[in-house]
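There are 2 protein chains.
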Amino acid sequence: MDTRVAEHRLRIQRVQDALVSAGAQALLVPSSDPHLSEYLPERYQGRQWLSGFTGSMGTLVVTPTQAAVFADSRYWTQAEAELQGSGIGLVKIASGASAEHVDWLAREVPRGGTVMVDGQVLGLAAAQHLRDKLQVAGVALRTNVDLLAQAWPGRPALPAAPVYEHGTPYASVARADKLRSMRAAMQAHGATHHLVSTVDDIAWITNLRGSDVNYNPVFLAHLLVGPEQATLFVGAGKVDASLAQSLAADGVVLAAYEQAAATLGTLPASATVLLDPKRVTLGLRQAITAAGLVEATNPSTLAKSRKTADEAGHIREAMAEDGAAMCEFYAWFEAALARGEAMTELTVDEQLSAARARRSGFVGLSFPVIAGFNANGAMPHYRATAASHARIEGDGLLLIDSGGQYLGGTTDITRVWPIGTVSAEMKRDYTLVLKGTLNLSRARFPRGTPSPMLDALARAPLWAEHLEFGHGTGHGVGYFLNVHEGPQSISKAVPTPDMAMQPGMITSIEPGLYRPGRWGVRIENLVLNVASGNSEFGEFLAFETLTLCPIDTRCIERSLLRDDEVAWLNAYHATVRERLAPRVSGEALAWLLRRTEPI
Amino acid sequence: MDTRVAEHRLRIQRVQDALVSAGAQALLVPSSDPHLSEYLPERYQGRQWLSGFTGSMGTLVVTPTQAAVFADSRYWTQAEAELQGSGIGLVKIASGASAEHVDWLAREVPRGGTVMVDGQVLGLAAAQHLRDKLQVAGVALRTNVDLLAQAWPGRPALPAAPVYEHGTPYASVARADKLRSMRAAMQAHGATHHLVSTVDDIAWITNLRGSDVNYNPVFLAHLLVGPEQATLFVGAGKVDASLAQSLAADGVVLAAYEQAAATLGTLPASATVLLDPKRVTLGLRQAITAAGLVEATNPSTLAKSRKTADEAGHIREAMAEDGAAMCEFYAWFEAALARGEAMTELTVDEQLSAARARRSGFVGLSFPVIAGFNANGAMPHYRATAASHARIEGDGLLLIDSGGQYLGGTTDITRVWPIGTVSAEMKRDYTLVLKGTLNLSRARFPRGTPSPMLDALARAPLWAEHLEFGHGTGHGVGYFLNVHEGPQSISKAVPTPDMAMQPGMITSIEPGLYRPGRWGVRIENLVLNVASGNSEFGEFLAFETLTLCPIDTRCIERSLLRDDEVAWLNAYHATVRERLAPRVSGEALAWLLRRTEPI
Chain A
13 MDTRVAEHRL RIQRVQDALV SAGAQALLVP SSDPHLSEYL PERYQGRQWL SGFTGSMGTL
73 VVTPTQAAVF ADSRYWTQAE AELQGSGIGL VKIASGASAE HVDWLAREVP RGGTVMVDGQ
133 VLGLAAAQHL RDKLQVAGVA LRTNVDLLAQ AWPGRPALPA APVYEHGTPY ASVARADKLR
193 SMRAAMQAHG ATHHLVSTVD DIAWITNLRG SDVNYNPVFL AHLLVGPEQA TLFVGAGKVD
253 ASLAQSLAAD GVVLAAYEQA AATLGTLPAS ATVLLDPKRV TLGLRQAITA AGLVEATNPS
313 TLAKSRKTAD EAGHIREAMA EDGAAMCEFY AWFEAALARG EAMTELTVDE QLSAARARRS
373 GFVGLSFPVI AGFNANGAMP HYRATAASHA RIEGDGLLLI DSGGQYLGGT TDITRVWPIG
433 TVSAEMKRDY TLVLKGTLNL SRARFPRGTP SPMLDALARA PLWAEHLEFG HGTGHGVGYF
493 LNVHEGPQSI SKAVPTPDMA MQPGMITSIE PGLYRPGRWG VRIENLVLNV ASGNSEFGEF
553 LAFETLTLCP IDTRCIERSL LRDDEVAWLN AYHATVRERL APRVSGEALA WLLRRTEPI
Chain B
13 MDTRVAEHRL RIQRVQDALV SAGAQALLVP SSDPHLSEYL PERYQGRQWL SGFTGSMGTL
73 VVTPTQAAVF ADSRYWTQAE AELQGSGIGL VKIASGASAE HVDWLAREVP RGGTVMVDGQ
133 VLGLAAAQHL RDKLQVAGVA LRTNVDLLAQ AWPGRPALPA APVYEHGTPY ASVARADKLR
193 SMRAAMQAHG ATHHLVSTVD DIAWITNLRG SDVNYNPVFL AHLLVGPEQA TLFVGAGKVD
253 ASLAQSLAAD GVVLAAYEQA AATLGTLPAS ATVLLDPKRV TLGLRQAITA AGLVEATNPS
313 TLAKSRKTAD EAGHIREAMA EDGAAMCEFY AWFEAALARG EAMTELTVDE QLSAARARRS
373 GFVGLSFPVI AGFNANGAMP HYRATAASHA RIEGDGLLLI DSGGQYLGGT TDITRVWPIG
433 TVSAEMKRDY TLVLKGTLNL SRARFPRGTP SPMLDALARA PLWAEHLEFG HGTGHGVGYF
493 LNVHEGPQSI SKAVPTPDMA MQPGMITSIE PGLYRPGRWG VRIENLVLNV ASGNSEFGEF
553 LAFETLTLCP IDTRCIERSL LRDDEVAWLN AYHATVRERL APRVSGEALA WLLRRTEPI
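Protein chains in written order, with the working numbering: chain A, 13 to 611; chain B, 13 to 611.
Accuracy of the hints is not assured; some may be wrong.
What the hints assert, rightly or not - If the Cβ cut is set under 8 Å, some of the chain A residues that face chain B in the computed set are:
hint: 1; residue: V148
hint: 2; residue: R459
hint: 3; residue: P462
hint: 4; residue: L469
hint: 5; residue: S547
What the hints assert, rightly or not - Straight-line C-alpha distance at most 30 Å; calculated DSBU-like pairs for lysine-lysine:
hint: 6; chain 1: B; residue 1: K290; chain 2: A; residue 2: K504
hint: 7; chain 1: A; residue 1: K439; chain 2: A; residue 2: K290
hint: 8; chain 1: B; residue 1: K145; chain 2: B; residue 2: K190
hint: 9; chain 1: B; residue 1: K190; chain 2: A; residue 2: K290
hint: 10; chain 1: B; residue 1: K104; chain 2: A; residue 2: K145
hint: 11; chain 1: A; residue 1: K104; chain 2: B; residue 2: K104
hint: 12; chain 1: B; residue 1: K439; chain 2: A; residue 2: K290
Because the hints were derived from the structure by calculation, they are not lab data. Remember, it's a predicted structure, so these values are computed and weren't measured experimentally. For each residue, glycine too, the CB sits at the ideal point set by N, CA and C.
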């Protein structure tokens, strides 16, 4: 057993001891923090710290005698590798959204037993579901203790990075106007107050950004919007005096981060609080004692999904900068490979990130670079590490999924490149995935179409050949904000009214195909919902493809593409060439011209 | 005001008087009966009797001062015509499944008021939803009175048609085996008893058929399956002595139809009843006093949706008989038109139904013939009547949607035929709808795909041209049973686990396009889920097109079809010719050969 695995066995043992001392039969450790974020501050990476499984989603359950991680198909290969020898089981679940650990707990914990979970990091809706299921099974739920606190010596403190203004020209709607529209939505719901805990909602409403977590330019805070004034609960010293002053001018006062619960307990009895049960924790919900309550989706979630025309302009600029970075990188990469330079997946990460960092408006990466050669490309959420990565040599496919945060937008792009000789089977897979990307990219649809309805359009060309992929086809993307945001989702998600497609939404289109142990293919662009036209049947939308970067044509099996598909691809490449050529020169320009040749 | 409208005004007035006498503020009249059937015995056609709106779905709400029908887009044109002058409003709702009348009641009925509805015809799930919504609005619900009974003199009695065995060779699974599998499902749910009120479930479980309602070969009954014995609650005299004896041999005893509620009240306290809250009424649910309860989809609903290989064989035979009837009819129809004979939509109904009636195994129609010429074709659920129908003359499109009940299967087919000269715009609409039918018919998909996911594949070719239709793309079809059955649905329905596509399911594929006041197009086939093959990504299904009848090629705008689409159509026509030619002769054969020529 290696040291790493032994350490995790020890940590689990320590938690099991604490569990027994507490008289409970199971501990639930969600991938979650007080803001229900995707990227967690280190302090809240308890599931990872305990189990050693580093995937971005996954739930850990510990009982006195066993431990198991619940993860969806994106993580199966990774989880099996990382959990090997630890004694921690892997429970394969259908999707990241499915709560199969709840059924597991209801089944495994004996009637009369107790399940513990820290209510400060448990979403209200998830807590209600958990409580209901456990109740039926005769199992109690205890949420007022953070068992990890006892078992985790030297647990990291909360991050303390400064908060800054996301100002003009990028913020096209003033903070005061956003607060006004939030209050209009509150009024429509009959609410006097609105509690927001999700950090991207808070960043969007306040036109502020931060760097408390990796990849998402956000800061830890809660926001309570009242009828006249809004209170931002944020760590001491993170907002400087000058920024505090301009916030005050817009009616936003500061309070200590830890004061949120106490303040919620002092609201007048006549107050009615609007909150989103999927975006507020049980802990904060329970802090609200006297007030009325309205549960609804955060108004900011829908509002921020619909980018303004002004924002779309900045995003197009950011996409061109991002595309130029890709040209610079790939030109270097292909030349270096041709010169026979040693190259690993880590080199790709370093050089590509460096090329992005040279572009105007760049702030940081929007998620960890995924550079997976052959078998590593078959793990959709693979990340090369110093300890484990592949050399890029011989023959095969190199999948690169990467993105940047720019002041004027967030990017996310996946491309696959041929290394050496590419087999007929690889070309076939590549071309069928490309057909999926094209088929959906070209779609038009009625405004208001439930976004999950569109999923089949990307899958149909793969299904026709008995192929399938285990992740969603597309996620919403923020504006210099989270690379994954709602409410829309082109996936097998059960549609809700919020998921309706509206003008201005930005979504990824990223079908894939994964041959475990062999190679992976994914071809991803971001698209903007734009007006397509009206008819007697209503208003229709189309996708404007925002991402600007060649899609490799050497991997294409031409006989699998119809003429209309080739025409779309050639037109796309003509646009990419036209938009990127003015921004690159020398080898990068030569590469761009070469890779945008029509086929 | 015509007499008909005056009569409906009077009936509404009478109900309003009864409502006021009862001290209530609203009456809800759903399109429903004690079995929650689609086709209602006359006794339960209260909504139609009161309002005059004859659509097959729709809800009536009456208050002391107003009345309104809630109907989805399939019925808007029809409802506007039928309700005109009656003072009854039409509330346009998004789909037949949406319960917007509930929100309406919660909004319009004053706090402290009472809504009345007959609990004997109100589904349990619908009742729970209604009660919850009204409770929030401070409105009471009264379900123990049938207000219609007072207001409806001469209300029809219950039907009394005989029940008969659906025997060999058609019933491929014995009644005793079906009961055994029901009990296995009950056991899996921890239930000792299972209450079934839906008449198609009962017909399927018992291998019995009847003719109590139009179009569906079912009989009114409730079925209580116990651990050893099953009780069929059925009208006196409907089951003859010999049939009663063979039922008894399989452990099925008879009881009076009216005894169902009383018997449910005598179940032992230790009993646990499995019931489907969408398929049992509030009235019967309330009759169960002492027993435990498990709510789940009727096991028979899923079981009967999956036709056996033996049943599929009988269905293919029925489809060929049905196709032969179509050839006979169309050959006559085209010749008669050419001779200049006067022809109306009613003639189509008569002649087509007569052609079906001559086929082997024919029992009856599976729904009323829809023959709509031009503007009438734009009403998806149009039905010509003696009082109102169109002559088929001049130029345009004739839409015919029809189907038969055969001992070996149920058919449902829509075709559109050119009359005189067809305009370029008509051809374009026709071809785009055809592309939708083809695109979905050719799809393959993983076993277990949620059926609503497939809906977009039929719509995409229409969406591309800013066109859309307001009904679902496909419904399940029974085996010599209801022409509409679940659980699958290719539509915008919110997917549930039951809706997963499984081998053996039969579904319609029927995209359409409706130009109000001008013409309508719909092209419909029935398809069977068959194995397509396995891969490392699992098991895949494809559609076998069961319906055998030419799709008119004169209405096609060839330039809108891709070569692969034309190839599919030509291959389909080759199959239709090969399968139907042996069954027809003379003019019908000549017509078949002419209409199956490749293009």
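Problem - Straight-line alpha-carbon gap K104(B) to K145(A), limit 30 Å - result: Status violated; Cα separation ~38 Å.
Handout entry: Restraint outcome when R459(A) is required to lie within 8 Å of chain B by C-beta distance
Key = violated (11 Å)
Exercise for the section: Measure nothing beyond the straight line between the CA atoms of K439(A) and K290(A); if it is 30 Å or shorter, mark the hint as holding. Expected result: Violated - the C-alpha atoms of K290(A) and K439(A) are around 42 Å apart, more than 30 Å.
Handout entry: Given hint K290(A) paired with K439(B) - CA-CA distance at most 30 Å
Key = violated (49 Å)
Practice task
Measure nothing beyond the straight line between the CA atoms of K104(A) and K104(B); if it is 30 Å or shorter, mark the hint as holding.
Solution key: Violated, at roughly 44 Å.
Exercise for the section: Given the hint that K190(B) pairs with K290(A), test it: the Cα-Cα distance must not exceed 30 Å. Expected result: Roughly 43 Å separates the two Cα atoms, so the pair is violated.
Handout entry: Status of the hint placing P462(A) at chain B (closest C-beta pair under 8 Å)
Key = Hint on P462(A): holds, closest Cβ of chain B at ~7 Å, below 8 Å.
Handout entry: Minimum beta-carbon distance criterion (8 Å), V148(A) to chain B
Key = violated (12 Å)
Exercise for the section: Quickly compare the C-alpha distance for K290(B) and K504(A) to 30 Å and report which way the hint goes. Expected result: holds (24 Å)
Problem - Pairwise hint evaluation, K190(B) against K145(B), where the allowed Cα distance is 30 Å at most - result: violated (39 Å)
Problem - Interface hint outcome for L469(A) [beta carbon to chain B under 8 Å] - result: Holds. Min distance 6 Å.
Handout entry: Restraint check, 8 Å cut-off on beta carbons, for S547(A) near chain B
Key = With a minimum Cβ separation of about 4 Å from chain B (threshold 8 Å), the hint on S547(A) holds.
The structure is inconsistent with the numbered hints 1, 2, 7, 8, 9, 10, 11 and 12, although it conforms to all the rest.
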